[in-house]
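Once you have looked at the hints, place chain H on chain V.
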Amino acid sequence: MLEPIARAVQNNGVFRAICRPLANTWVNLSGYRRLGLRYDDLLREETPIIQEAIARLNRDETDGRVYRHKRAFQLSLSHQELPSSQWTKPQDDYKYLQPLIEEVRLEQEERDAFNSMTTTVRK
Amino acid sequence: MFHAKPLGKLAAPLSARAYASVSGSAPVISTANSIKVAALSGATDSPLASVSLVINAGSRYETGENAGAAHFLKAFGFRNTQTRTSFRTIREAELNGATLTAEATRENITFTVQCFKEAVPYFVEVLGDIAVATKFTEHEFKDVARLVAFESLGARSDSSARVLDGVHQAAFRGGLGNSLYALESSPITSGDAVRRYAETAVAPGRLAVVATGVDAQELANLVSSSRLASLTSSASTLSSPSATFTGGVQQIYESAAPISHYALAFASGSASAKPLAALLGAQSRVKWSTTGVAPLSKLAATEGFGISPFSFSYSDAGLVGLVVSAPRSQIKGAVEKIAGAIQRDIASAGAEAVQRAAAAARVDMAESLATQQGQIRALTGLALGQKSGVTLESVDDAAAKLSAEAAKVFKSKPVAVSVGLSQDTPYVDTLGF
Numbered sequence: 001m002l003e004p005i006a007r008a009v010q011n012n013g014v015f016r017a018i019c020r021p022l023a024n025t026w027v028n029l030s031g032y033r034r035l036g037l038r039y040d041d042l043l044r045e046e047t048p049i050i051q052e053a054i055a056r057l058n059r060d061e062t063d064g065r066v067y068r069h070k071r072a073f074q075l076s077l078s079h080q081e082l083p084s085s086q087w088t089k090p091q092d093d094y095k096y097l098q099p100l101i102e103e104v105r106l107e108q109e110e111r112d113a114f115n116s117m118t119t120t121v122r123k
Numbered sequence: 001m002f003h004a005k006p007l008g009k010l011a012a013p014l015s016a017r018a019y020a021s022v023s024g025s026a027p028v029i030s031t032a033n034s035i036k037v038a039a040l041s042g043a044t045d046s047p048l049a050s051v052s053l054v055i056n057a058g059s060r061y062e063t064g065e066n067a068g069a070a071h072f073l074k075a076f077g078f079r080n081t082q083t084r085t086s087f088r089t090i091r092e093a094e095l096n097g098a099t100l101t102a103e104a105t106r107e108n109i110t111f112t113v114q115c116f117k118e119a120v121p122y123f124v125e126v127l128g129d130i131a132v133a134t135k136f137t138e139h140e141f142k143d144v145a146r147l148v149a150f151e152s153l154g155a156r157s158d159s160s161a162r163v164l165d166g167v168h169q170a171a172f173r174g175g176l177g178n179s180l181y182a183l184e185s186s187p188i189t190s191g192d193a194v195r196r197y198a199e200t201a202v203a204p205g206r207l208a209v210v211a212t213g214v215d216a217q218e219l220a221n222l223v224s225s226s227r228l229a230s231l232t233s234s235a236s237t238l239s240s241p242s243a244t245f246t247g248g249v250q251q252i253y254e255s256a257a258p259i260s261h262y263a264l265a266f267a268s269g270s271a272s273a274k275p276l277a278a279l280l281g282a283q284s285r286v287k288w289s290t291t292g293v294a295p296l297s298k299l300a301a302t303e304g305f306g307i308s309p310f311s312f313s314y315s316d317a318g319l320v321g322l323v324v325s326a327p328r329s330q331i332k333g334a335v336e337k338i339a340g341a342i343q344r345d346i347a348s349a350g351a352e353a354v355q356r357a358a359a360a361a362r363v364d365m366a367e368s369l370a371t372q373q374g375q376i377r378a379l380t381g382l383a384l385g386q387k388s389g390v391t392l393e394s395v396d397d398a399a400a401k402l403s404a405e406a407a408k409v410f411k412s413k414p415v416a417v418s419v420g421l422s423q424d425t426p427y428v429d430t431l432g433f
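Residue numbers (UniProt numbering), protein chains in the order written: chain V, 1 to 123; chain H, 1 to 433.
Quick caveat, the hints were computed from the structure, so don't treat them as lab data. One should not assume that every hint holds.
To be verified - A short, non-exhaustive set of chain H residues, derived as facing chain V with CB atoms under 10 Å:
| id | residue |
| --- | --- |
| 1 | T85 |
| 2 | F87 |
| 3 | R88 |
| 4 | E92 |
| 5 | L95 |
| 6 | T137 |
| 7 | E138 |
| 8 | H139 |
Values in this document were obtained by computation on a predicted structure and should not be read as measured data. Every residue gets a Cβ at the ideal spot worked out from N, C-alpha and C, and that includes glycine.
So that you can see chain H by itself, here it is in the shape it has in the complex:
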C-alpha cells in the first residue's frame, strides 16, 4: 500500500542541448503559468540530482503585521499537506535516500531535496504540494513555533550572526533590514497567520523550481504536471521597499561576552561585493601561514585580534565589510587600526593587491559553482532575476573595475555595529571615513 509510486524514467537521455555548468546563458524556462524553471544537467555519469522550490518571499517582504513570517514559513516546509502527511514525506525521503532541507535568506525561501535522478519526478510532486497544499494546522504550529524559537535563540546567542543581522538593520532599516529570525515579539501566533503570508507569497511570478542533474525541459514538464500548474497568475501583494543604504550605528550591549565584535559595512554594487571582500583579504590561501600578504590580515595577526570579511549580494544592493573581534580591552585600538588601514591600504590598493583579490574572488566563485549548493544558488539567481554576482562572468566583470570600485566604496561612510561592552567601542564618526 505504501510502496513508492512508480517513478518516471528521468535518467534516460534527455534533450539535445544540455547545460553542464552555470553561465549567464543557462536556460530559464517559463511554464504556462509563468513559474520559472532552471536546471543544469551536469555530469551524465553521476546518479545524483537535486530539486529546489524557491519562493521569493524572504524576510525583506515582511511588514510590521507579519514580522517573522518568512522564518515560520521556512519551518513549515515538508509538514502535512492535503495529499500526504509529513511523516510520510520524511519516511519516503529516507527510503529514497534523499535529504530534505529548508533555508531562508533575506530574499528567498528555498526547500531543497537532494536525491537520486530517478526520484526527481516524485520529489517535484512533493515540492508542488508544499507550495500549494500545506495545511498549516494549529497542532503543527506548536512544534514549528518551538523550532523557530530555538533557531532564533541560537542566532541571538551567536555574536557573529547577531552582528550581521545588525549590519543589515543599520544599513537598510526596513525591507532588507528585517531580521532573518522571528523574534519573541513576532505577531505570528497561529498557523493561520503563516497561511496568510504563504497565500500572498505563493504566486507563480514569485516561484522558481531549480534543479541540478536534470534537464531543464524535462523539469519544466514535471512542474507542469505537478500541483504547481494549478496556480493562477494572480499578482502577489508582497512588496519590499527598494534597498537604500541609509547608514547608521547599532550598539548591542552584551556584558557577558568575553570578546567584543565590531562590524564595519560599506554599500557596494551587488556584483562587486564579492571581489571587494576578497580585497579586504581574509583567510590566507597558504596553509599554516598566519600572516599572508594582505595588509589587514597581517595587521590582525601581529596585533592579535581577529578579522573576518563578509559580503552580501542582493537583487538591488550589495554590502561588503568586515567583523573585527577582540577582547574588550583591545577592541577600540583594533577597530581604529583597521579603519586606518582600510583608508590607507585598501581604498587605494596597488595593482598587485587588486589582481590577488580578483583571482581569489574568481577561485571562490568557481569553487562554489562546482558544488551542488552553489549551483542551486546560482540557478535561483538566474531564474528569479537576482543575477548579479552569481556567475563567473559577473565576478569577472566586477573584478575588472575593482580598483576604481575600491576607491569609491572604501572612502564612503560605513555602518557600524558592535556587540559586547559598548563603552569600549569607538563611534563610526570618529574613525575618519
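Bound conformation, chain V alone:
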C-alpha cells in the first residue's frame, strides 16, 4: 500500500531536485563512511531474503564485506575513525548487495504467487 506511494515520491523530479544536494551531506553526516563501510554493509542481515542474497555474493565481495565489518567493529570499539584518506569514497559506495536482495525478493514473490494461484477452466 505504502510502497507505490513511496516509489512515486522517489521518482518525482521536483522531489529529487530538492533532495539531491542534501543527499551527500546527509550521507557524510551519518558517518559510516568514516569507518570505511559501504551503505549496503549496514542493511539488516537477519532476514531470510538478505541471508540468501549474501550467500549469492561472489568471493571478492564477501571477503571485502567481512573485512570492512571487522575493521569497523575494531574502530568502533577503540572509539576511533579512519584517517580521512581511507574513508569510503563516494564511487566505492555502490550498491553491491541491493540488486541481489531485489532478485531474491522477486523470486520469493513469484514463488508465493504460484503457490497461491487459482486456475480457471478455459471455456
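Just chain H now, kept in the frame of chain V:
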C-alpha cells in the same frame, strides 16, 4: 499475473505438405540466420507434440581446458534465464503437463520438451531463452555441480557405462574419446566457465530445433520469432579432431566388482554399425528362449556368461562390438571363446544369419522410429548432417552389404576394455585378431 501467455493456434490445420514419418527426404528448413529446423507433423489425431533444442556441442568438442563442459552445459538446461526463473519454467511446464529433459551425447546436447500441441509456441520461446539468455549464475552452479558430480559418480560405479566410456577412449583417444561425464578433476569450477563454453557452442550453424507433432514451416516461423532469431551467424570456434580409430587396450582395475566385464569393439562404417551389432546377435526375439540360434548367444547361454552387443553411429565413425560379463574366474575363458566364435562364425556368417541380422536391424530401426524419442533422434541427425544410420533407408543400404562388411570389420583388430580384476583378463593381441 502468472497466467500462461495466450498460446497460438498451432493445432490448426497446417501447410499442405506434411510429413508423417522420417525418411531421407524429410524437410530440413534453414531459418534466416541458418538455424536448422526439422519436424514431423505425425498423426493428426494425436494431441501430443515434442520440441527439442539441439546444440551440436557434445563432449567430443571439449578440450583439456574445458573437459566436462558439455556435461555442465547439459545440467544448466532450464535454469534461470534473463526472462524467467527456472522455478517459473518448471511450474509452467507442470501446469501445461509437459516433461522437460536434457540429454548429452558425444556429439549433441539436447533439451527436449514433450507437451501438448497448443503449448508448442510457448516452449519454443522457452528453448530459445535457454540457448541465448541462460544466466549461468554462481549460486546455481553449486546446485548444478552437485548434480553433475552425482551423475558422474553414478556412471563410474556402473561397470557397463564405464566399459563403454573406456571403449571410446581406447578407440578414438581425443575428440570422440572424451568422457561423457565431467570428472572430479574437471577444470570447470564456475558458472562463468560454463558460459564461455556455451558462448562458443551456441552459434546458429551448430543449432537445430526439431519437433514432432508440428509442421516444419510452422516451427520455422516460431523459431524466427523467438530469441534464437537474434543470434548472428558468427562461426563457432568449437572443433573436434575427426575420428580415427587408433586401437588400444584399457584395463580398469576394480577389485570390488564380483563380475568382470570385457568389451571388444571394432571400427565400422557409421551406417553399418547397427546391422553388424544385430549380426553379433543378442536378445532372442522368441520369448523364454534362452539360446536362440545366434551362435554367440548360444555359446553364452550354454557356458553361463553374459554378452551384450552395442553399436554407436557418429557423423564420421562407427563402433560395433560386445561386452562379455562373467565371474572373474571365468572371464578369460569366456572372452577367448567369444573371440574365436567371432572369427569363425560371425566374420564369415552364412546367408541365413545375415538375413536374420538384417531383419532384426530393420525391425529395431522401425520400432525406434515409431517412438517420439526415436523420431527426435532421427530428425536431429537429418538436421545436423549426422545422417548415417538414422533412417530406415540407410539401414537397408547397410544391410545389403552386410556380409562383405562383416568379413572386413570382424577380422580387423579390435580395441579391448576390461573392468574388474585385470590379472584374469586376456590381452587383445592374444585373441588372434
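Hint check:
Evaluation of the T85 of chain H hint against chain V yields a held restraint, the C-beta minimum of about 6 Å falling below 10 Å. With 10 Å as the threshold, the beta carbon of F87 of chain H comes within range of chain V, its nearest partner Cβ sitting at about 6 Å, so the hint holds. Against a cut-off of 10 Å between C-beta atoms, the interface hint on R88 of chain H holds, since the closest Cβ of chain V lies about 6 Å away. Restraint check, E92 of chain H versus chain V: the minimum CB separation of about 9 Å is within 10 Å; hint holds.
The interface hint given for L95 of chain H is met, as the beta carbon of that residue sits about 8 Å from the closest beta carbon of chain V, less than 10 Å. The closest approach between the C-beta of T137 of chain H and any C-beta of chain V is roughly 7 Å, which is under the 10 Å cut-off, so the hint is satisfied. Nearest Cβ of chain V to the Cβ of E138 of chain H: about 6 Å, under the 10 Å cut. The hint holds. Of the supplied interface hints, the one on H139 of chain H holds, with its beta-carbon coming within about 4 Å of a beta-carbon of chain V, less than 10 Å.
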